[in-house]
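Visitor: Each chain is listed here by its residues.
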Amino acid sequence: MRFIWISVVKDLRRWRRDPFTLAVWLAIPLALAVLMNVVFGGGGKPAPRGVLLIDDEDNTFASRVVSGVFHRDPLDQMLTLERVRREEGRRRMDRGEASALLVIPAGFAQAVNRGATFRLQLFTNPSQTILPKVIEDTVSITLDVFGRRRGGPAIGVKATVIPEKKQGKSFAALFFPSMLSMAVWMIANALAGEIWKERALGALRRLAAMPVRMAGFLAGKLLGAALVFAGVAATGLVTVRWLGGVPVASLPAAIVWMMLAGVAFYLLLLLVSMSASTPRGASMLGNLVMFPLALVGGCFFPFEVMPAWMAAVGRWTPTGWAVTQFSAIVDGSAHAAGVAGAVAGLAAASALAFLVTLMRLRRSFVL
Amino acid sequence: MSNAAEGARLVGHAGPFVGNPSDSSLGRNKAAGTGVPCSQMIEVEQLRKSYGELVAVDGVSFTARPGEIFGLLGPNGAGKTTTIGCISGLLAPTSGRVRVMGHDVVREGTAARQALGVVPQEIALYEELSAIENLKYWGGAQGLRNPLLGERIQKVLELTGLADRAREPVKRFSGGMKRRLNFACGIVHQPRVLLLDEPTVGVDPQSRMRLLELVRAEAQSGTCVLYTTHYMEEAETLCDRLAVVDRGKVIAAGTLAGLRSMLEQRDLLRLSGVFRPEAARAAVAPIDRIEVLQAEEKLLVLSLVDASRKLPAIFAALEAAGSEVRGTTLTQPSLESLFIKLTGKELRE
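Quick note, the sequences are listed as chains Y and E, same order. Here the numbering used here is used: the first residue of the first sequence is 21, the next is one more, and so on. Here the numbering used here is used: the first residue of the second sequence is 35, the next is one more, and so on.
Please keep in mind that the hints were generated in silico from the structure rather than gathered at the bench. For each residue, glycine too, the CB sits at the ideal point set by N, CA and C. Treat the hints loosely; a few may be bogus.
[Said to hold, decoys possible] Computed spacing ranges between beta-carbons, pair by pair:
#1 Y:379 to E:85: 18 to 26 angstroms
#2 Y:254 to E:267: 41 to 49 angstroms
#3 E:325 to Y:217: 47 to 55 angstroms
#4 Y:297 to E:350: 56 to 64 angstroms
#5 E:192 to Y:270: 49 to 57 angstroms
#6 E:85 to Y:43: 38 to 46 angstroms
#7 Y:254 to E:206: 28 to 36 angstroms
#8 Y:270 to E:84: 40 to 48 angstroms
#9 Y:297 to E:267: 35 to 43 angstroms
#10 E:87 to Y:376: 46 to 54 angstroms
Could you build all of it, start to finish, from the sequences and the hints given here?
Guide: This is the structure:
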């Protein structure tokens, strides 16, 4: 145990004094996140801009008055209006693509003229708090004006909140699990390649002539890497939670999951690296495994924005599986039993990878 | 050894042990953990290591005693590092047996390695770490704990002259300083047996002298030192006994005096110029007690007694044979001349 600890201290000290390598791998996903935000999420508007979907089945002067309210300042600065059919509107609401869907059923104008009771439907997005409330209040006030003009408040709004599980995600919430996973995978790849450095300087051969076990050395490396992954995950999660406003259902569980997944991926890349015959070959092989897995596995782009066929394939990759589990832990949709099962699976895969890596290290790589 | 001739012998690949296994006068060390008297700290018996058809070590046998510096001298690729690898347990012998302080390195690897200190040919140091941090890591890996670890670190830093740079990252060190720290990491745990694999390669003369002094000091404290080198000067000045190796085999072994005596006080005369090899051989053959070791178109190497007095006769004979001598080097009997005598080639080839 003591040798494992001194190995951890040794590696952490080395990495701390050569932060450039890790910083580079951390910078890539950060740069990508910024780029994505500029392209897809930003747009340069000073205020948050929502989308109001309107299904105007009545299509009369009266119904257009209701929707026209949202074209006036300041509402037109806050909302983009899109006319849709009810089914399409529901689908887009289910995907979390809009702040609200207002349905004005046919017969609205007649009801206004007759002074009959009538009801509009408003579906709101629970992941947004301000804009849906603004829309609901605006519609209520407008209908109240109609009601008072004809002598009574008989026109109402039936507001429906889309169930939580179908809620959409903000840009940050959508992309963050992918970006953090990419950062961890890239750091894992960089750390895995370091074994060649230790081999080249003869440290492994020197160690093999000592009474300590190679398993202790490998365990020390894993533990050191685990601490790095946990640190990166904690920093990322706390940053998006407090600065980005992304809800994180369970911070400790998310950190632990990312740490375990990082260790498993580190072991996989370590084995890949040691399978090569030169450091250059190891680097190429590591990138050849890591980048496609990251790309298809939802690290560059979330599954939500991928073509359906690619997302279906990606979810079956190790990276895709890990990212999906991580997203579920972050947004709170994961169940305790499911997480426990996933952790057990990850631990089993890691144990197997540890044994194979150790065999490779002992038998031939150290020489 | 009663005389020099007894102190050395030519060894074939199936040769006997060098040294006397029953001689216990040189040390009273006990095999680690067994309580068995151990006069031989290293015992290598018919060691063979092959990689497919390539035989790297071919039937090497020798022993080394406490307080002794035993040298393995040979050119690059002779099998020295492979032999060290087998002794340290890094490589599994194809056949033969290796014991360190009585422990078989294959069957009792951990016990054998506890007695060992290894200074590899590479500078096996973490360059981002300081000298102290490297020593802490390698000392800790050998099982040392504070406060002993701290005391030993301080001691070896002073011994190697690195105490004032101890907290600097190793990457700022010169090559000589790195070599000294590499050595320090090998002795920080006070090993009973020290394996040094060409520890002075690429080192400036000053650092080399310092390192050799350190090696002598280790031996004087009772440590058995196995020292591999291809520098014959180092082997001559440092080693108590030597095994000369070539192509994986021990071709001669014994004390320095014993090995020199095998040359019968013959000088080595190296002539450069333009020669017709066969004609040159024939021309010098009549000269008394002369032996042609090497005859090429540009080089002629002769072994002879009292060479300086015979130079005029040699020049005259070669001139008559149509040869042209442009340069002459006369060397007193040395390990290099022995190596050339035994293998027909220079040690640095």
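Visitor: All hints are to be evaluated individually against the structure, with a verdict given for each.
Guide: Status of the hints after comparison with the structure:
| no. | hint | verdict |
| --- | --- | --- |
| 1 | Y:379 to E:85: 18 to 26 angstroms | holds (20 angstroms) |
| 2 | Y:254 to E:267: 41 to 49 angstroms | violated (59 angstroms) |
| 3 | E:325 to Y:217: 47 to 55 angstroms | holds (51 angstroms) |
| 4 | Y:297 to E:350: 56 to 64 angstroms | holds (59 angstroms) |
| 5 | E:192 to Y:270: 49 to 57 angstroms | holds (54 angstroms) |
| 6 | E:85 to Y:43: 38 to 46 angstroms | holds (42 angstroms) |
| 7 | Y:254 to E:206: 28 to 36 angstroms | holds (33 angstroms) |
| 8 | Y:270 to E:84: 40 to 48 angstroms | violated (58 angstroms) |
| 9 | Y:297 to E:267: 35 to 43 angstroms | holds (38 angstroms) |
| 10 | E:87 to Y:376: 46 to 54 angstroms | violated (30 angstroms) |
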